[in-house]
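Here is how the chains run, residue by residue.
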Amino acid sequence: MSMIRKTAALAGLALVLGACAKGPEKTPAELEVLKAVGEQFTRRRNMPPPVQLTRALLDKQSQAYIEVTIENRDAKAYLTRALTRRDSSPGTIEVWRTQDNVSLALRSGMVIATRGLGGGLLSAQVPAADGAAGPARGGARRYTVRAKGNGQARLSMACSLQDLGSEPVEIVEVTHPARHLQERCEGAGGVVVNDYWIDSRPGRNQVWQSRQWAGPETGYVRIRQLRL
Amino acid sequence: MTPIKTLVCRAAPAALLCLAAGPGLALGPEITRAGHGAAPGTEDAAPRLKPLPPPSLNFYGSPGIIDTPSSEMLPDGQYAVTYSWFGGTSRYNITVQALPWLSASFRYNGIQDLGLFGFDTYYDRGFDVRARLWRERGWLPEVTMGLQDFAGTGVYAAEYFVATKRFEGAALGWGKTPGRLKLSAGLGWGRLGSSGAIGNIGGVRPTFVGGSTGGELATDQWFRGDFAPFGGFEWQPDERWSLKAEYSTDAYVTETQVSNVFERKSSVNYGVEYQYSDRLRLGAYYLYGSEIGFNAQIQLNPNNPPTPMAVPAPHPIIPRTQWATEASHWDQGWVASETKKRQFRDLAAETLKADGLVLEAITLTGTTAELRYRNPRYRSAAQAAGRAARALAQALPPSVETFRLVPVRRGLGLAVLEVRRSDLEALEFDADASDALSAAAGVRDAGPLPDDAIFSGELYPAFATSVSPFTKPAYFDPAQPFRLDAGLDFAASYAPAPGWRIAGTIRQRLAGNVKNGRASNSVLPHVRTDQREYAQFGTTLENLYASRLWKPGRNLYARATAGLFESMYGGVSGELLWKPVNSRIGLGVEGNYVVQRDFDQRFGFRDYRIFTGHASAYAELGKGYLMQVDAGRYLAGDYGGTFSLNREFNNGFLIGAFFTLTNVSSEDFGEGSFDKGFRFRIPVDWLLGKPSRSGFGLTIRPTQRDGGQRVAVPDRLYGSVREAHRKSLEEQRARFWE
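Protein chains in written order, with this note's numbering: chain A, 1 to 228; chain B, 1001 to 1738.
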């Protein structure tokens, strides 16, 4: 018995010490699994401590920041703006990105894509209009999500939009005057409710805070505009 | 009708089944209903793609009660592994739901102390197949026909029709109970008609003969002899627990009357099961009035990976209108300068490297770029193409408008995906980004490498080395069903020029017991059955060969290999494949002159040499079904053909089966009568949730014999060529932007 155990221990040691690959070829499968297991251990050890947010800290930053919380995994991250652009559809597109390569694309403050999360939102059709932040109307909405491995599924929903009135939001020691818009969408076998808190001052097209659905895998995300 | 049913309906024999099948889910198979009564705005109320909980399994690994079947089908593509044990009987079952209405099982079973047919513990293997005749609808129950252990020695041979009806607790007026009741009843022949028979068809049923050759379909037995009614119920008070009871009509004649494995005192079995996790279910039972039993069930679905794959987010494409704002930025003067072109090549190579891709060569004109790249990271060719396109959009001067992306494997250009840079800029955030780009892109034959291509400065000559663990299993020896060798592979390769490759692997076994296996009793030349002899040596040269891959013409791919191909054979090999990029059909020929290697697997050879070769036809049938037919001469000099059908899921998960019929008689072939088996591939990216091209493949034959065997030559063409062609790119288009 001890003989077998010794051999097994020796074999295990040889695997850990010996396994490696160099050069422009595909890595063997066994090696990739060993590496992934190893990474799991190191990642657990290297968890960074949570940041204590204050307005003073935010004022020191030079970039714009949003805070995104994924409700179903209790994960929170701070994202910087990677790109602002427009295309042939209405609404300004903003791409926000974390340091560990997760990104979120918004059109007029509405989530249209997630990347790097696993089972993400591939693309979305949202009721955006130029000169308005958040949803401009009710009607059709379409989510294209990752499904079946490398495939996609299309979820078509019909939405109604409701203005719930003035509701100022406080984001890290600053209170913004805001209106609360609620979008309720039905279809594809479910109901989705998206909430937006939009700056109520004229000419300011800004979603300060929102809670939006980003596909079946990611679920609901909460977004706060920390710094413009 | 759902598409899969339409597909099936094309086959005439299935027409009856299709008429019987009810209308499909209006939502499409992947969307399941949200939970009842969940508050709007919660995740439970939102649309979801998670499959519904699958039915529980019986001791034979199929949906059922305890020792009897029910009519339920598993979700499409489901893959279930079960181990059950009672009264000295153990069964390992693998069940695959091949089609929504058809499942197949493979079983390895052992009966302790049976003391018959000259074995202490009697081990046997068997196949089951089940087909649903119609779905549950209104008051009509679901009905399924099953053939259990339908080929071969048939120790568990039985046939049945079974009906199952499901009731929600609330609907039965049991107050607010969320429970569910399943009632099953059926009529069984063979084993399932051996106790409590109520009638007989066709007189005496031919009996089971232990230790015979097996492998033939037992058509003369099906639905013959006595038949008996069986039935049972499953009550699920909540999502985790279930209580089961059944009336079994299996008399266990061989175990209790012919031999004395256990005592059968009752026909009624009871049990309780617990869903431990999404994938694991455990059960404990009291069977036949005398025995305690256990069952462990693991269910996986290829469409539902343990971790969804997360790929580091790409950098968004920055439209040229944002950074090339002056007319001079669009100037094409840089084309005249070799230095500038090299700078752009280096910039592109650097950007590709960040995404795990390798630049092989780039050809630049003022307005077009042809990029040849290797993809060692992403399983999906569409995803690799997407990353390559982004890299070019980031690295190349604004005047370059057309990108021709050519994935290259071993120097062989597989296809061209042609995209316009303005489409990339316009469509990235489109509501239908994947479909729109797929419609705007063109797929064509790769064509020859342009003369003015600038090669990478880092490749050619290129060295690669790896040290990695290996395992080599041997199955189904009656003395010990599973043996394994494990150790380290030291591999190295050298690519002197595009398409050329010299590679070798030294294998060091660290532990293993394959060397204690069975000696061959084959009357054919021992082309595969000397596995034990080959396993006697711990340090071996697994392979050492030189190969060249090239494109001899339009839609044609060629390979030539010489050296030691695998542990048992070396020689020379040539292959030619015709596969148009836009076609679902491919044709190939392969010829090999091989010599059997010495058992010590160094440079020596044995005195057995043969010419073996095949003509092959490949077809992509849709829904991931891949068919291959090979005809030719096999290693033992036998002539015949192989038919294989694989189902490859969109994520690389593969399940398949094959059989080979040759001019070797079933007596000469030995146990199993002809060569057959099944295969799996579990992709590493599916397991780990991060990109990888590797997978764990496994081919299992119920018996390894010498008839119908082929040599394993490295770098066969079809698999890698097909991956880069239109059908695969279209099916994976959703990966392009990710």
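Take the hints with a grain of salt, since some may be wrong.
Claimed, not checked - The calculated lysine-lysine pairs, modelled on BS3-like cross-linking and capped at a C-alpha distance of 27 Å, are:
#: 1; chain 1: B; residue 1: LYS1472; chain 2: A; residue 2: LYS22
#: 2; chain 1: B; residue 1: LYS1472; chain 2: B; residue 2: LYS1727
#: 3; chain 1: A; residue 1: LYS35; chain 2: B; residue 2: LYS1690
#: 4; chain 1: A; residue 1: LYS26; chain 2: B; residue 2: LYS1050
#: 5; chain 1: B; residue 1: LYS1472; chain 2: A; residue 2: LYS35
#: 6; chain 1: A; residue 1: LYS22; chain 2: B; residue 2: LYS1353
#: 7; chain 1: A; residue 1: LYS26; chain 2: B; residue 2: LYS1551
#: 8; chain 1: B; residue 1: LYS1551; chain 2: A; residue 2: LYS76
#: 9; chain 1: B; residue 1: LYS1623; chain 2: B; residue 2: LYS1353
#: 10; chain 1: B; residue 1: LYS1265; chain 2: A; residue 2: LYS26
#: 11; chain 1: B; residue 1: LYS1727; chain 2: A; residue 2: LYS148
#: 12; chain 1: A; residue 1: LYS76; chain 2: B; residue 2: LYS1690
Just so you know, these hints were derived from the structure itself, not from any lab.
For each hint, the structure was consulted:
Simply put, LYS1472 (chain B) and LYS22 (chain A) have alpha-carbon atoms about 24 Å apart, close enough for the 27 Å limit, and the pair holds. For the given pair, LYS1472 (chain B) sits about 34 Å from LYS1727 (chain B) by alpha-carbon distance, which is inconsistent with the 27 Å threshold. At most 27 Å may separate the alpha-carbon atoms for a hinted pair to count; LYS35 (chain A) and LYS1690 (chain B) meet this at roughly 12 Å. Taking the CA atoms of LYS26 (chain A) and LYS1050 (chain B), the gap is near 32 Å; set against the 27 Å cutoff, the hint is violated.
At most 27 Å may separate the alpha-carbon atoms for a hinted pair to count; LYS1472 (chain B) and LYS35 (chain A) meet this at roughly 21 Å. Distance check on the hinted pair: LYS22 (chain A) and LYS1353 (chain B) sit about 15 Å apart at the alpha-carbon level, within 27 Å; holds. In summary, the hint linking LYS26 (chain A) to LYS1551 (chain B) is supported, as the alpha carbons are separated by about 22 Å, within the 27 Å threshold. For the given pair, LYS1551 (chain B) sits about 51 Å from LYS76 (chain A) by alpha-carbon distance, which is inconsistent with the 27 Å threshold.
The hinted pair formed by LYS1623 (chain B) and LYS1353 (chain B) fails the criterion: a straight-line CA distance of about 34 Å is larger than 27 Å. The straight-line distance between the Cα atoms of LYS1265 (chain B) and LYS26 (chain A) is roughly 59 Å, outside the 27 Å bound, and the hint therefore fails. For the suggested pair LYS1727 (chain B) and LYS148 (chain A), the alpha carbons sit about 16 Å apart, so the restraint of at most 27 Å is met. Distance hint between LYS76 (chain A) and LYS1690 (chain B) is fulfilled; the C-alpha atoms sit about 21 Å from each other, no more than 27 Å.
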